[in-house]
Amino acid sequence: MTATDSNAHGRRHLAAAIVMIAATWLIGLPWLAERPAVRSYLQWLEERKIDPSARYYTDLEAMDPILDKLDRRGRK
Amino acid sequence: MRTAEDWWAIWCGVFILMVSFAAVWMTLPETLQQQVDSGEEIKLTSPLLSWLEKPAKWTENPTSTFVIPGKEGLASKNLLPGILVAGAAIGLLFAVAMQIRGGSGVRFLKAYPFVFLLALLAFVMASQSVVKAYNLEYALWALLVGMLISNTIGTPKWLKPAAMTEFYIKTGLVLYGIEVLMSRLLALSLPGVFVAWVVTPIVLITTYIFGQKILKIESRSLNMVISADMSVCGVSAAIATAGACKAKKEELSLAIGISLSFTVIMMVVLPAIIKAVGMDPILGGAWIGGTIDATGAVAAAGAMLGPQAEEVAMTIKMIQNILIGVTSFGVAVYWVTYVERDPQGRRPGVIEIWHRFPKFVLGFVLASVVFSTLYEVLPAGPEIVKAVTNGSTKVLRDWLFCLAFVSIGLMTNFRELTPYLKGGKPLLLYACGQAFNLTLTLLMAWLMFRVIFRDSIDQLLAP
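Top to bottom, those sequences are chains A and B.
Using the working numbering, the first residue of the first sequence is number 1, and each one after it goes up by one.
Using the working numbering, the first residue of the second sequence is number 77, and each one after it goes up by one.
These are computed hints drawn from the structure, not numbers from a lab.
Please note that a few of the clues may not be correct.
Here are some chain B residues pointing at chain A (derived, C-beta under 7 Å) [to be verified]:
hint : residue
1    : E136
2    : T139
3    : S140
4    : A151
5    : K208
6    : N211
7    : E255
8    : S295
9    : A375
10   : A376
When the alpha-carbon atoms are kept at most 25 Å apart in a straight line, the in silico DMTMM-like pairs for lysine to aspartate or glutamate are as follows [as the list claims (entries may be wrong)]:
hint : chain 1 : residue 1 : chain 2 : residue 2
11   : B       : K119      : A       : D5
12   : B       : K147      : A       : D59
13   : B       : K153      : A       : D64
14   : B       : K133      : A       : E34
15   : A       : K69       : B       : E117
16   : B       : K292      : A       : D64
17   : B       : K153      : A       : D5
18   : B       : K147      : A       : E34
19   : A       : K69       : B       : E452
20   : A       : K69       : B       : D531
21   : B       : K236      : A       : D5
22   : B       : K119      : A       : E46
23   : B       : K119      : A       : E47
24   : A       : K49       : B       : E326
25   : B       : K119      : A       : D59
26   : B       : K133      : A       : D59
27   : A       : K49       : B       : D113
28   : A       : K69       : A       : E34
29   : B       : K153      : A       : E46
30   : B       : K233      : A       : E46
31   : A       : K69       : B       : E136
32   : A       : K69       : B       : D113
33   : B       : K133      : A       : D5
34   : B       : K153      : A       : E47
35   : B       : K119      : A       : E34
36   : B       : K119      : A       : D64
37   : B       : K236      : A       : D64
38   : A       : K69       : B       : D534
39   : B       : K322      : A       : E34
40   : B       : K351      : A       : E47
Virtual Cβ for every residue (Gly too), placed ideally from N, Cα, C.
Using the sequences and the hints, build the whole thing.
Here it is, written out as structure tokens:
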């Protein structure tokens with residue numbers, strides 16, 4: 001395979017991947033978010049201010065009331 | 077010291093921390109001391125808060141990731157200026173650092189906007205509601221976005237000066253240090269310490285030895301990164317340990333991929349098992365907090381068992397989160413004194429240890445010690461530290477880590493990952509280590525939370 005062939009091949013693969021990603025994020029995931037089971041799970045997380053993708057305890061809004069309780073207890 | 081990357085990660089991190097702290101300090105209300113004395117609720121915010129942003133959660137329309145809709149009388153907020161300022165601030169700081177270190181700041185600045193755009197794309201992908209709900213965090217998408225380019229058209233040469241994986245990670249870790257507050261350690265008194273700080277190191281060391289002696293994993297650093305991310309707190313621990321043991325970028329990617337895959341399964345399966353067997357929610361919460369890798373996934377899984385379990389699970393995880401400082405320091409010491417020692421077994425001298433030691437770990441630990449002290453000694457210390465963290469450092473460390481993972485992707489070929497998967501050893505290591513973790517954590521949680529300290533824990537968790 002020549003360098004030109006290889007470049008064209010690479011560009012085709014990249015274009016295909018971009019189309020797949022766009023379809024997943026613009027069509028697939030929004031559709032999934034509307035399914036009743038997923039929608040109620042998302043709502044349940046929202047109400048509890050839980051972000052399952054949080055990396056550290058400081059990223060979690062739901063941690064705030066717990067930390068406030070701990071800080072109040074620490075000051076007593 | 078003038079050119080070393082580790083030192084420059086410290087200088088950049090310290091610079092950001094000083095600016096962030098000064099911004100909060102200079103805008104403290106004059107009546108702060110009176111508010112503290114009267115026990116009034118104190119709310120502090122950083123003036124940098126609205127200038128540094130990252131994409132917000134979206135569900136149907138990706139453009140809504142750049143806007144926080146108005147609610148409860150508040151106007152909607154456009155995040156795009158804050159995103160661009162965050163990107164520009166990191167770009168300029170790193171360009172100056174590159175120039176002083178003897179590299180080319182101009183070449184960095186030419187490539188950086190593209191790497192930043194890829195990081196932005198990764199953040200937008202990670203911010204979709206369904207993706208967020210299953211803990212598929214930005215590290216994964218940043219790797220994917222970078223690898224898509226490197227494995228199709230190849231990473232262009234001109235883009236490489238901004239793909240500075242280690243510099244981004246090390247600077248991000250120095251910023252991370254201020255979130256490692258030692259006072260949080262005793263949040264659940266002794267039972268919390270036993271589950272999070274006794275079981276975790278035992279599991280980490282045992283898994284590492286198992287990987288070396290039984291599975292005979294060739295790469296010690298891969299073995300260590302998987303052991304740490306499985307036993308401590310997932311991706312954060314993997315990043316910190318990978319820096320401390322100088323793991324290869326492919327090893328970090330692999331460890332994170334395994335950890336995220338198992339976390340998605342565990343956050344669904346573990347609460348279901350706990351409910352099915354009718355386990356006490358406090359015990360269930362402690363078990364979840366000590367075993368599921370990712371912090372957000374722990375919160376979601378704990379909440380499925382009720383508010384008490386959620387509180388225990390999240391607090392145990394928080395105590396475990398703090399362990400990443402000690403873990404990375406311990407791993408760095410072990411690496412330079414034992415793993416990298418002379419093949420003839422000669423003990424390295426103090427100077428040699430100092431030369432080999434990953435210095436950025438010192439910046440990470442120092443930031444933790446300084447801000448843990450400020451948290452305790454300043455009037456309204458907790459509020460000041462929270463304003464510094466929420467107002468600027470948290471967003472910047474996320475951008476730095478995202479840029480690091482895009483850079484890893486840009487420099488990784490799929491074929492480089494295959495030797496690591498040979499024989500499925502990394503997967504086996506994770507599975508065996510996690511099985512041991514589940515058993516030991518359950519035993520310790522039961523002993524501490526339901527037998528020895530039952531009454532004091534019930535009292536502590538009373539609303």
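> Taking each numbered hint in turn, which are not upheld by the structure, reported in ascending numerical order?
Replying inline: Numbers 2, 3, 4, 8, 11, 16, 17, 24, 27, 28, 30, 31, 33, 35, 37 and 39 - these are the hints that the structure violates, sorted from lowest upward.
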